[in-house]
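Read off the chains here:
There are 2 protein chains.
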Amino acid sequence: MTIRHVAIIGLGLLGGSIGLAVKARSPQIVTTGYDRSAAVRAEAAARGLVGTVHDTPEAAVEGADLVILCVPVGAMEDAARAIAPGLKADAIISDVGSSKQAVAEALARALPGHTIIPAHPVAGTEQSGPQAGFATLFAGRWCIITPPEGAHAAAVETLADFWRALGSKIELMDASHHDLVLAVTSHIPHLIAYTIVGTASDLEDVTESEVIKYSAGGFRDFTRIAASDPVMWRDVFLTNKTAVLEMLGRFTEDLTALQRAIRSGDGDTLFDLFTRTRAIRRQVIEQGQDDERPDFGREHGA
Amino acid sequence: MTIRHVAIIGLGLLGGSIGLAVKARSPQIVTTGYDRSAAVRAEAAARGLVGTVHDTPEAAVEGADLVILCVPVGAMEDAARAIAPGLKADAIISDVGSSKQAVAEALARALPGHTIIPAHPVAGTEQSGPQAGFATLFAGRWCIITPPEGAHAAAVETLADFWRALGSKIELMDASHHDLVLAVTSHIPHLIAYTIVGTASDLEDVTESEVIKYSAGGFRDFTRIAASDPVMWRDVFLTNKTAVLEMLGRFTEDLTALQRAIRSGDGDTLFDLFTRTRAIRRQVIEQGQDDERPDFGREHGA
Chain A
1 MTIRHVAIIG
11 LGLLGGSIGL
21 AVKARSPQIV
31 TTGYDRSAAV
41 RAEAAARGLV
51 GTVHDTPEAA
61 VEGADLVILC
71 VPVGAMEDAA
81 RAIAPGLKAD
91 AIISDVGSSK
101 QAVAEALARA
111 LPGHTIIPAH
121 PVAGTEQSGP
131 QAGFATLFAG
141 RWCIITPPEG
151 AHAAAVETLA
161 DFWRALGSKI
171 ELMDASHHDL
181 VLAVTSHIPH
191 LIAYTIVGTA
201 SDLEDVTESE
211 VIKYSAGGFR
221 DFTRIAASDP
231 VMWRDVFLTN
241 KTAVLEMLGR
251 FTEDLTALQR
261 AIRSGDGDTL
271 FDLFTRTRAI
281 RRQVIEQGQD
291 DERPDFGREH
301 GA
Chain B
1 MTIRHVAIIG
11 LGLLGGSIGL
21 AVKARSPQIV
31 TTGYDRSAAV
41 RAEAAARGLV
51 GTVHDTPEAA
61 VEGADLVILC
71 VPVGAMEDAA
81 RAIAPGLKAD
91 AIISDVGSSK
101 QAVAEALARA
111 LPGHTIIPAH
121 PVAGTEQSGP
131 QAGFATLFAG
141 RWCIITPPEG
151 AHAAAVETLA
161 DFWRALGSKI
171 ELMDASHHDL
181 VLAVTSHIPH
191 LIAYTIVGTA
201 SDLEDVTESE
211 VIKYSAGGFR
221 DFTRIAASDP
231 VMWRDVFLTN
241 KTAVLEMLGR
251 FTEDLTALQR
261 AIRSGDGDTL
271 FDLFTRTRAI
281 RRQVIEQGQD
291 DERPDFGREH
301 GA
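Order-wise, the sequence lines are chains A and B.
Note that our numbering numbers the first sequence so that position 79 is 79, with each residue one more than the last.
Note that our numbering numbers the second sequence so that position 242 is 242, with each residue one more than the last.
Since the hints were derived computationally from the structure, they do not count as laboratory data.
Model, not experiment: these values are computed from the prediction.
Careful: at least some of the hints might be erroneous.
Since the list gives no way to pick out one identical chain from another, each pair is judged satisfied if it fits inside one copy or across any two copies.
In the DSSO-like style, the derived pairs of lysine-lysine whose C-alpha atoms are separated by at most 30 Å in a straight line are [stated by the list, open to error]:
{"hint": "1", "residue 1": "88", "residue 2": "169"}
{"hint": "2", "residue 1": "213", "residue 2": "169"}
{"hint": "3", "residue 1": "23", "residue 2": "213"}
{"hint": "4", "residue 1": "241", "residue 2": "213"}
{"hint": "5", "residue 1": "23", "residue 2": "88"}
{"hint": "6", "residue 1": "23", "residue 2": "241"}
Let's have the full structure, built from the sequences with the hints guiding it.
Okay, here's the thing in structure tokens:
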């Protein structure tokens with residue numbers, strides 16, 4: 001199978017970046033796109049995120065070999081229903097959502113009989129919207145494909161090749177394991193960041209202006225993650241509830257143990273953990289998952 | 001009062017950066033330094049972190065108008081006792097520690113009768129040691145000075161001028177308020193980051209290798225903070241216990257409320273918080289406290 005035409009539904013950070021990456025790295029592929037917001041469609045056309053921006057979802061997917069849904073996970077089912085009338089019978093339907101069991105179920109309900117291969121490129125920034133995308137977003141990043149039971153190997157391989165061409169590394173995973181892994185590496189970190197930023201802005205004895213002023217001590221890192229798209233993240237927590245609550249329980253247990261260590265003046269427990277976590281950072285860098293420059297390479301003294 | 005000679009005790013990230021910043025921005029000031037590790041002293045001399053590296057603390061502070069203790073807060077009292085024999089009677093003694101009430105008490109015990117003006121430059125990276133310092137670390141960052149009751153205004157102003165010359169902005173604050181503010185903006189963020197990195201590496205159903213591989217979804221940000229110096233941070237939590245436990249209590253309450261919202265499928269509560277936190281990020285950037293480039297300006301597609 002060869003992808004000659006990809007349709008992108010939802011032209012925000014992810015959808016727009018896919019369009020730009022295809023243009024840069026797979027220019028032989030035709031791109032079309034749709035977004036339910038007219039303003040986003042206009043901006044997408046102006047930036048050339050896809051070759052043609054269409055005014056309806058059916059028109060956007062007409063003739064497409066691959067359709068990628070790039071909408072919040074809570075909107076996947078409606079988006080899938082909206083494209084149904086325009087789909088080619090043998091088109092591959094995929095997505096970029098961050099919780100995969102819920103999306104697989106939603107797409108299966110909306111598009112019975114179609115070839116559905118959910119996927120999740122583990123890439124993004126805190127920005128969103130059609131201005132936010134860029135062609136190198138996926139370069140060197142993992143794209144996790146979660147083929148449903150009985151998926152055609154050829155369709156999975158075609159989707160994998162598409163993502164490899166955009167610079168991604170591919171991993172296949174069971175949807176339920178994906179949801180557990182991402183709960184740890186992405187969903188809980190976001191939940192914690194949103195929480196601490198909320199806590200800090202609600203205090204009576206420390207003003208919001210002080211929190212912002214002295215944020216370079218660590219807090220500012222959390223504000224970046226806590227600036228992520230509210231709709232996308234609301235939907236992630238609502239659709240990956242079980243894994244998120246499970247991992248949150250483990251985090252809370254560990255935090256309680258540290259709280260006890262602080263209260264009792266148990267410096268050894270603190271020191272042991274703080275030494276162990278340092279080794280994890282080294283591995284993240286060694287495996288090319290983060291910038292090795294200190295402070296993420298932030299500019300100092302600008 | 002004019003600072004002609006500054007002595008730096010402890011030649012790690014902070015001490016080394018002060019030395020390099022003085023060389024770059026206040027070259028008329030003589031710098032001397034000491035570190036209790038012979039290896040650090042050798043590296044400090046090789047990098048030229050200070051004009052002269054001495055083999056004893058007394059020798060390093062001899063003739064200094066200003067002595068800055070750049071050691072973990074738990075080591076301040078010993079470091080202060082060690083410099084006592086070499087101090088000029090009118091020298092100003094300061095530090096860079098992240099918890100100010102405990103340091104003020106430790107220095108007052110160790111150096112009765114001396115002019116002690118504690119301070120805290122809110123600046124740093126996750127790296128530590130004599131290789132980690134750089135001259136622009138303090139540029140554009142706040143330095144909080146916490147003068148004790150009855151401190152001489154002239155000594156405070158002299159210290160403020162010293163930091164301003166290195167590029168810092170100055171704020172005066174009561175030590176107890178400082179400790180509360182920094183608990184929120186720095187200590188709790190570090191504690192949470194250490195905790196989640198520990199939790200993630202201890203799971204049975206998700207391997208450490210998976211956690212590292214898919215860390216770009218948010219987790220990797222936490223690994224940076226959790227790579228900070230273990231001794232420094234152990235001491236911070238042990239010395240700022242009251243404020244840290246107070247703020248941790250508020251954080252845990254808020255996290256429990258979000259947990260309940262997820263469990264009950266209350267999307268509005270999640271959406272409202274996630275929208276509110278976005279505004280805080282905007283203010284952090286508007287006030288020059290973080291890089292406005294997406295993803296901290298990390299390189300993509302390298």
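Hint by hint, here is what the structure shows:
1. 88 <-> 169: Answer is within: at 28 Å inside a copy they meet the 30 Å cutoff, but 62 Å across does not.
2. 213 <-> 169: Between copies only: 11 Å across chains, 40 Å inside a chain, cut-off 30 Å.
3. 23 <-> 213: between (42 Å within a copy, 27 Å between copies)
4. 241 <-> 213: Intra 35 Å, inter 23 Å, cutoff 30 Å: inter-copy only.
5. 23 <-> 88: within (23 Å within a copy, 69 Å between copies)
6. 23 <-> 241: Cα proximity of residue 23 and residue 241: none, with 36 Å in one copy and 55 Å across.
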